Amino acid sequence: MPVGPVSAGPPPAGPVPAGPVLDPAPAGPVEDTAEATAADSEDTLDLRLPEDFVAAFAQPPGTDASRADDLLDGIGDWGPTVTPVGAFRLLPVRIERDLPVVSRWMNDPAVAEFWQLAGPQSVTETHLRAQLDGDGRSVPCIGLLDGTPMSYWEIYRADLDPLARRYPARPHDTGVHLLIGSVADRGRGLGSTLLRAVADLVLDRRPACARVVAEPDLRNAPSVAAFLTAGFRFSAEIELPGKRAALMIRDRSLRHLL
Numbered sequence: 001m002p003v004g005p006v007s008a009g010p011p012p013a014g015p016v017p018a019g020p021v022l023d024p025a026p027a028g029p030v031e032d033t034a035e036a037t038a039a040d041s042e043d044t045l046d047l048r049l050p051e052d053f054v055a056a057f058a059q060p061p062g063t064d065a066s067r068a069d070d071l072l073d074g075i076g077d078w079g080p081t082v083t084p085v086g087a088f089r090l091l092p093v094r095i096e097r098d099l100p101v102v103s104r105w106m107n108d109p110a111v112a113e114f115w116q117l118a119g120p121q122s123v124t125e126t127h128l129r130a131q132l133d134g135d136g137r138s139v140p141c142i143g144l145l146d147g148t149p150m151s152y153w154e155i156y157r158a159d160l161d162p163l164a165r166r167y168p169a170r171p172h173d174t175g176v177h178l179l180i181g182s183v184a185d186r187g188r189g190l191g192s193t194l195l196r197a198v199a200d201l202v203l204d205r206r207p208a209c210a211r212v213v214a215e216p217d218l219r220n221a222p223s224v225a226a227f228l229t230a231g232f233r234f235s236a237e238i239e240l241p242g243k244r245a246a247l248m249i250r251d252r253s254l255r256h257l258l
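FYI, in the working numbering the residues of the sequence shown are 1 to 258.
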């Protein structure tokens, strides 16, 4: 708290999976102590911020009050976007519909190495419900390409995430995590194409957001390359629990130049 599979917590050192790997936000402690666990295991899913703090960042003046309690401006209503590889849409996860396919993807060894959510469906369900039952700062989504589920995404408020402690966050910075589900869809440029499309969707549908951010593991050169191809720029190296990450940023002001 991740074209190819996305990674989650601190992966062990080892070979980079085929296709770029886009890492989700840090999960899990850096050190094997109770103190380190308490300090470092916070992630997008379990951090609870004061309500007045969340409200201060939630909506700019003059924004439609009907979305005042929606921290991500109605992802389910964003609709499809046309890409060079077909019509793409983000659909917020529904447990009863999407759990089997997301759990199957999480049990792919290349995905499991980074997301660390392999196991029975209950493992993935816990991960999904933590977001669905939370305050709305992270929304898990299925990515549909020409109507076919083929990727899993998490769109989250980076400025309300522990990640904001590690870089100069701005109000409404929006983060993305991604995994491509099918092995057949990996390693052929789909990830960078869809990353660009989703970043543009965020900037189009969230007028208060000036930047889309991500934090792939520096060891995953294909992942960093995918973000660069998608119009993100490398901003900094940052230390996160379990990994040293490349802070990648797609700026609204540069979106037509990169």
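Among the hints, a few may not be true.
[Said to hold, decoys possible] Here are the in silico distance ranges between beta carbons for each label pair:
{"hint": "1", "residue 1": "ARG233", "residue 2": "GLY147", "range": "28 to 34 angstroms"}
{"hint": "2", "residue 1": "ALA225", "residue 2": "GLY147", "range": "26 to 32 angstroms"}
{"hint": "3", "residue 1": "LEU218", "residue 2": "PRO109", "range": "37 to 43 angstroms"}
Hint data in this document are derived by calculation from the structure and do not stem from the laboratory. If you're wondering where the values come from, they're calculated on a predicted model, not measured in any experiment. Ideal Cβ placement from N, Cα and C applies to all residues, glycine included.
Results of checking the hints against the structure:
1. Here the CB-CB span from ARG233 to GLY147 is close to 33 angstroms, well matched to the stated 28 to 34 angstroms.
2. Between ALA225 and GLY147 the C-beta distance comes to about 29 angstroms, which sits within the given range of 26 to 32 angstroms.
3. A C-beta distance of roughly 22 angstroms is found between LEU218 and PRO109, which places it outside the suggested range of 37 to 43 angstroms.
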